[in-house]
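Visitor: Per my numbering, the sequence shown starts with residue 8, numbered consecutively.
Treat the hints as calculated values from the structure; they're not laboratory data.
The C-beta atom is built at its ideal place from N, Cα and C for all residues, glycine as well.
Just to be clear, a hint being listed does not mean it is correct.
Between beta-carbon pairs, the in silico distance windows are [what the hints assert, rightly or not]:
{"#": "1", "residue 1": "P69", "residue 2": "L46", "range": "26 to 34 Å"}
{"#": "2", "residue 1": "V54", "residue 2": "Q12", "range": "24 to 32 Å"}
{"#": "3", "residue 1": "P26", "residue 2": "V51", "range": "27 to 35 Å"}
{"#": "4", "residue 1": "Q12", "residue 2": "T107", "range": "29 to 37 Å"}
{"#": "5", "residue 1": "T107", "residue 2": "P69", "range": "42 to 50 Å"}
{"#": "6", "residue 1": "T107", "residue 2": "V23", "range": "19 to 27 Å"}
{"#": "7", "residue 1": "S66", "residue 2": "V103", "range": "33 to 41 Å"}
Within a straight-line C-alpha distance of at most 20 Å, the following computed SDA-like cross-link-like pairs (lysine to any residue) qualify [claimed, not checked]:
{"#": "8", "residue 1": "K111", "residue 2": "R122"}
{"#": "9", "residue 1": "K111", "residue 2": "R33"}
{"#": "10", "residue 1": "K111", "residue 2": "Y100"}
{"#": "11", "residue 1": "K111", "residue 2": "T123"}
{"#": "12", "residue 1": "K111", "residue 2": "E121"}
{"#": "13", "residue 1": "K111", "residue 2": "L46"}
{"#": "14", "residue 1": "K111", "residue 2": "G31"}
{"#": "15", "residue 1": "K111", "residue 2": "L30"}
{"#": "16", "residue 1": "K111", "residue 2": "T99"}
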Amino acid sequence: MDNWQYLIVMALCVAVTIPLEFLGARVYRDPGTALRSILPVAAVFLVWDAIAIAGSVWSYNPRYVTGFDLPLDIPIEEFVFFLVIPLCALLTYGCVEALTDRWKTFVARRNTMERTS
8 MDNWQYLIVM ALCVAVTIPL EFLGARVYRD PGTALRSILP VAAVFLVWDA IAIAGSVWSY
68 NPRYVTGFDL PLDIPIEEFV FFLVIPLCAL LTYGCVEALT DRWKTFVARR NTMERTS
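Construct all of the structure, not just a fragment, from the sequences and the given hints.
Guide: Below is the structure:
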């Protein structure tokens, strides 16, 4: 079971942040923008990892990975990490932005009502 922990944590990260979409994040409603934001950064870090692995600077404990590797000995968990964590960050940012906008609108309406009464 230990070798699935990494992927389980990634799944939990997604599960915990899914409700943010319903609070206004709008990340899943525009997957093209999300992918254009995530994939270039993921590519840079995957290259970085490949170089570090090839140079024996970086390694992964086989106890905590499934053993499914991408080319250049990058564990599938690392690829998933570079997709999931930015996705969760986009969801969080989008939700905070939406809630902030709602708050500003609420305050502006309240101030307008106070001035007119």
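Visitor: Does each hint hold? Answer for all of them.
Guide: How the hints compare with the structure:
1. P69 - L46: 26 to 34 Å: 28 Å, holds
2. V54 - Q12: 24 to 32 Å: At 26 Å between Cβs, range holds.
3. P26 - V51: 27 to 35 Å: 30 Å, holds
4. Q12 - T107: 29 to 37 Å: At 35 Å between Cβs, range holds.
5. T107 - P69: 42 to 50 Å: Taking Cβ atoms as reference, T107 and P69 lie about 44 Å apart, which means the hint holds.
6. T107 - V23: 19 to 27 Å: Since the Cβ atoms of T107 and V23 sit about 21 Å apart, the hinted range of 19 to 27 Å holds.
7. S66 - V103: 33 to 41 Å: 36 Å, holds
8. K111 - R122: 17 Å, holds
9. K111 - R33: 19 Å, holds
10. K111 - Y100: 16 Å, holds
11. K111 - T123: 18 Å, holds
12. K111 - E121: 15 Å, holds
13. K111 - L46: Cα-Cα ~33 Å, so violated.
14. K111 - G31: 15 Å, holds
15. K111 - L30: 15 Å, holds
16. K111 - T99: 18 Å, holds
Against the hints set out earlier in the document, a violation occurs for number 13 only.
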